[in-house]
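Student: Start from chain A and add chain B with the ligands according to the hints.
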Amino acid sequence: MQLNRDDLKEAYRRMCLIRDFEDKVHDEFAAGNIPGFVHLYAGEEASAVGVCMHLEDRDAIASTHRGHGHCIAKGCDAEGMMSEIYGKKDGLCGGKGGSMHIADLSKGMLGANGIVGGGPPLICGAALTAKTLKTGGVAIAFLGDGASNQGTTLESYNLAKIWNLPAIFVVEDNRYAESTASAWSVAGTQTKRAEGFGMPGTEVDGHDFFAVWEVAREAIERARNGEGPSLIHVKLNRYYGHFEGDAITYKGDGEVDKVKAEQDCLKLFKQRVVETSLLEPDELNEIETSVKSYIDQCAATATNGSSPTEADLMTDVYLSY
Amino acid sequence: MSVKSYRQALNEAIRQEMERDERVIVMGEDIAGGMGAPGEDDAWGGVLGVTKGLMPQFGRERVLDTPISESAFIGCAAGAAATGLRPVAELMFVDFMGVCFDQIFNQAAKFRYMFGGKAVTPLVIRTMYGAGFRAASQHSQCLYPLFTHIPGLKVALPSNAYEAKGLMTQAIRDDDPVVIFEHKAMYDEEMEVPDEAYGIPFGEANVTREGDDVTMVAFGRMVNLANEVADSLKGSGISCTVVDPRTTSPLDEETILETVSETGRLVVIDEAHPRCNMATDVSALVSQEIFSDLKAPVKMVTAPHCPVPFSPALEDVYIPSTAKIEAAVREVVGKGH
Ligand SMILES: Cc1ncc(C[n+]2csc(CCOP(=O)(O)OP(=O)(O)O)c2C)c(N)n1
Ligand SMILES: [Mg+2]
Chain A
1 MQLNRDDLKE
11 AYRRMCLIRD
21 FEDKVHDEFA
31 AGNIPGFVHL
41 YAGEEASAVG
51 VCMHLEDRDA
61 IASTHRGHGH
71 CIAKGCDAEG
81 MMSEIYGKKD
91 GLCGGKGGSM
101 HIADLSKGML
111 GANGIVGGGP
121 PLICGAALTA
131 KTLKTGGVAI
141 AFLGDGASNQ
151 GTTLESYNLA
161 KIWNLPAIFV
171 VEDNRYAEST
181 ASAWSVAGTQ
191 TKRAEGFGMP
201 GTEVDGHDFF
211 AVWEVAREAI
221 ERARNGEGPS
231 LIHVKLNRYY
241 GHFEGDAITY
251 KGDGEVDKVK
261 AEQDCLKLFK
271 QRVVETSLLE
281 PDELNEIETS
291 VKSYIDQCAA
301 TATNGSSPTE
311 ADLMTDVYLS
321 Y
Chain B
322 MSVKSYRQAL
332 NEAIRQEMER
342 DERVIVMGED
352 IAGGMGAPGE
362 DDAWGGVLGV
372 TKGLMPQFGR
382 ERVLDTPISE
392 SAFIGCAAGA
402 AATGLRPVAE
412 LMFVDFMGVC
422 FDQIFNQAAK
432 FRYMFGGKAV
442 TPLVIRTMYG
452 AGFRAASQHS
462 QCLYPLFTHI
472 PGLKVALPSN
482 AYEAKGLMTQ
492 AIRDDDPVVI
502 FEHKAMYDEE
512 MEVPDEAYGI
522 PFGEANVTRE
532 GDDVTMVAFG
542 RMVNLANEVA
552 DSLKGSGISC
562 TVVDPRTTSP
572 LDEETILETV
582 SETGRLVVID
592 EAHPRCNMAT
602 DVSALVSQEI
612 FSDLKAPVKM
622 VTAPHCPVPF
632 SPALEDVYIP
642 STAKIEAAVR
652 EVVGKGH
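If you read the protein sequences in the order shown, they are chains A and B.
Mapped onto the numbering used here, the consecutive letters of the first sequence carry residue numbers 1 to 321.
Mapped onto the numbering used here, the consecutive letters of the second sequence carry residue numbers 322 to 658.
If you're looking for bench data, these hints aren't it; they were derived computationally from the structure.
Errors might be hidden in some of the hints.
[Unchecked claim] Quick look at which bits of chain B chain A covers, simulated, 3 or more residues with Cβ under 8 Å: (1) 360 to 367; (2) 388 to 400; (3) 543 to 551; (4) 598 to 605; (5) 625 to 632; (6) 635 to 642.
[Unchecked claim] Selected chain A positions facing chain B (Cβ under 8 Å, derived; list incomplete): (7) 95; (8) 147; (9) 150; (10) 177; (11) 181; (12) 250.
[What the hints assert, rightly or not] Straight-line C-alpha distance at most 35 Å; calculated DSBU-like pairs for lysine-lysine: (13) A:131 with A:235; (14) A:89 with A:107; (15) B:373 with A:235; (16) A:24 with B:373; (17) B:645 with A:89.
Given the structure is predicted, the values throughout are model-derived calculations rather than measurements.
Think of the CB as a built atom: it goes at the ideal place given N, C-alpha and C, for glycine as much as any other residue.
Chain A extracted, bound-state conformation (with noise of 0.2 Å):
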């Protein structure tokens, strides 16, 4: 399997997507537009790209607290979201999930997910049910470093290898989990833990989409073969806080705007592309230039959009007292 042209540019879209998503939830919050706790994905966004452009509906994801950038790889409608993360009736969760619980089970979406190493059982059951089922689907916990160290994650591992079920698990390494460092709260390596468990485990460069991308393709197709779970460690970083509003003290100086220059996903993805010859800048220019005026209508929906009412308040539950 290759990525042709349109992939690639798919690709880019999709990144660019959630970098510019991300950047205008990070402004509307500032500006007090956005309630709540909001956690960004900037910086990540060659993990879920490269990832989920393997991925078919059948196949199921399940994300984190940091979920935009999987909903959107995972192909969750943009417009909902923004509304959702507002509060609004239109949102994908009719407003009563937020930023934390975005979830679309149409797309495969298994949730974002306020609980840290909430996903990784779930993604065993959706596992199960591909296996099952016979769907040919395979199912993915994206989960961060810090959830690595969490009881489901680690039992999860254990409960894929022996029932042999179609999962992954991408272990999204940003260095930190709140201001904790990965360096430090991590004992072993993650790539051991998997060999620890039986499984297959491949350390990437999750700023490197066409590293993810490879990587992902192995996992995924011997998930699809019935050759068991496999453990993807990525190493990235993220731009912004842990929540929106956090100072960021913990970190050294200078160490974001390295990477931002050094290794911005999106900015080595454009390189490797034009080098190459595999895209023109010009087709590029024009994604990005379509990609910002879809994210400013996406905003102005949110922002125009009705709130849910006390009606809704009751609803979607099977029991009321």
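Tutor: This is chain B with the ligands only, laid out in the frame that chain A set:
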């Protein structure tokens, strides 16, 4: 005395107990923060800054940042408590109890009884609860009734900064597992709080308003709303008693029964869901013990039986409001003889 926020009051209680007793340690996720990172140490002091400054004073040996492994570190705190330390462990949001409840209710809570009275487990678990932060379904719940249900756990809900300091100090000095519920919407609320250390005994309710017509029993942040309603209803000629039980376990049944006997009317206010919560518990107590003293049916004001919604428009109608409390009081007062 000096003006302190709820956050500062909690911090001071922990600090003074750590100064008094070197067996008191603190642990939790980002409880100091910046662990292993190149930038500022003590970068967070807990996610909302409650424990800020403890690490610089007491060092990393007594202020332990943990990985995101609640089962392991909450259980670790229970084990340490049973063997000679007095840990104050932070379960960041009470919603995360799902990850570690076994270590709390099957382990820590059971030791004293199950081991024939031989175990002492001076464990404190600090945890945030409550809606109003736009934090949605998994970061806003009021799960104290679940903890109250378990024999072997003590449960405290400080309703202001004074209560926070006194109940936290008492919890650390207590020899049994205590869970302290801190309402996340109250951390910045300020009042005069004594500078010296003091404990507030568990199981002794605080009567915050005294009146003749109706008794309001309220829990945690709801005490403030009940006080507000009591004050505003004075103008309408309705005089209210407000009871803050302070701890749901032990529960000061005596004060509740006495004050309800006096007024003959009861409104119970609880931010938890309506089934099997503190409101149903207090209602059952009153109807069982002093049914004949009641002049009107008991009224409960609670959150509805649905997860906490994200949208501000929905969350605002989800949380019990002063308007709902006032309507309930007026209804109860208008009934009976
Ligand atoms: C069970 C549980 N514990 C703690 C938290 C609080 N919390 C939210 S995000 C987070 C850090 C997660 O770090 P990581 O898994 O590395 O993901 P990242 O934020 O870096 O994307 C913590 C501690 C939570 N939401 N759930
Ligand atoms: Mg991380």
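Student: Compare the structure with each hint and give your call.
Tutor: A quick look at each hint next to the structure:
1. Counting residues of the region 360 to 367 of chain B whose CB lies closer than 8 Å to any CB of chain A gives 4, so the stated coverage by that chain holds, three being the minimum.
2. Interface restraint, the region 388 to 400 of chain B with chain A: holds (6 residues with C-beta to C-beta distance below 8 Å; minimum three).
3. As drawn, the region 543 to 551 of chain B meets chain A at 0 residues by the rule of a beta-carbon pair under 8 Å; below three, the given contact is violated.
4. Evaluation of the coverage hint for the region 598 to 605 of chain B: breached, as 0 residues show C-beta separations to chain A shorter than 8 Å, against a requirement of three.
5. Taking a C-beta to C-beta cut-off of 8 Å, the region 625 to 632 of chain B contributes 7 residues in contact with chain A, enough for the three needed, and the coverage statement holds.
6. Requiring three or more residues with a Cβ within less than 8 Å of a Cβ of chain A, the coverage given for the region 635 to 642 of chain B holds, as 3 such residues are present.
7. Of the supplied interface hints, the one on residue 95 of chain A holds, with its beta-carbon coming within about 4 Å of a beta-carbon of chain B, less than 8 Å.
8. With 8 Å as the threshold, the beta carbon of residue 147 of chain A comes within range of chain B, its nearest partner Cβ sitting at about 6 Å, so the hint holds.
9. With a cut of 8 Å, the hint placing residue 150 of chain A at the interface with chain B holds, because the nearest CB-to-CB distance is about 6 Å.
10. For the restraint placing residue 177 of chain A at the interface with chain B, the shortest Cβ-Cβ distance is roughly 6 Å, inside the 8 Å limit, so the hint holds.
11. With 8 Å as the threshold, the beta carbon of residue 181 of chain A comes within range of chain B, its nearest partner Cβ sitting at about 3 Å, so the hint holds.
12. With a cut of 8 Å, the hint placing residue 250 of chain A at the interface with chain B holds, because the nearest CB-to-CB distance is about 4 Å.
13. Under the criterion of a C-alpha separation no larger than 35 Å, the hint pairing residue 131 of chain A with residue 235 of chain A is consistent with the structure, at around 30 Å.
14. In summary, the hint linking residue 89 of chain A to residue 107 of chain A is supported, as the alpha carbons are separated by about 20 Å, within the 35 Å threshold.
15. In summary, the hint linking residue 373 of chain B to residue 235 of chain A is supported, as the alpha carbons are separated by about 30 Å, within the 35 Å threshold.
16. Proposed proximity of residue 24 of chain A and residue 373 of chain B is supported: the alpha carbons are some 32 Å apart, at most 35 Å.
17. Our distance criterion of 35 Å between C-alpha atoms is met by residue 645 of chain B and residue 89 of chain A, whose separation comes to about 25 Å.
Checked against the numbered hints listed earlier, the structure breaks hints 3 and 4; every other hint is satisfied.
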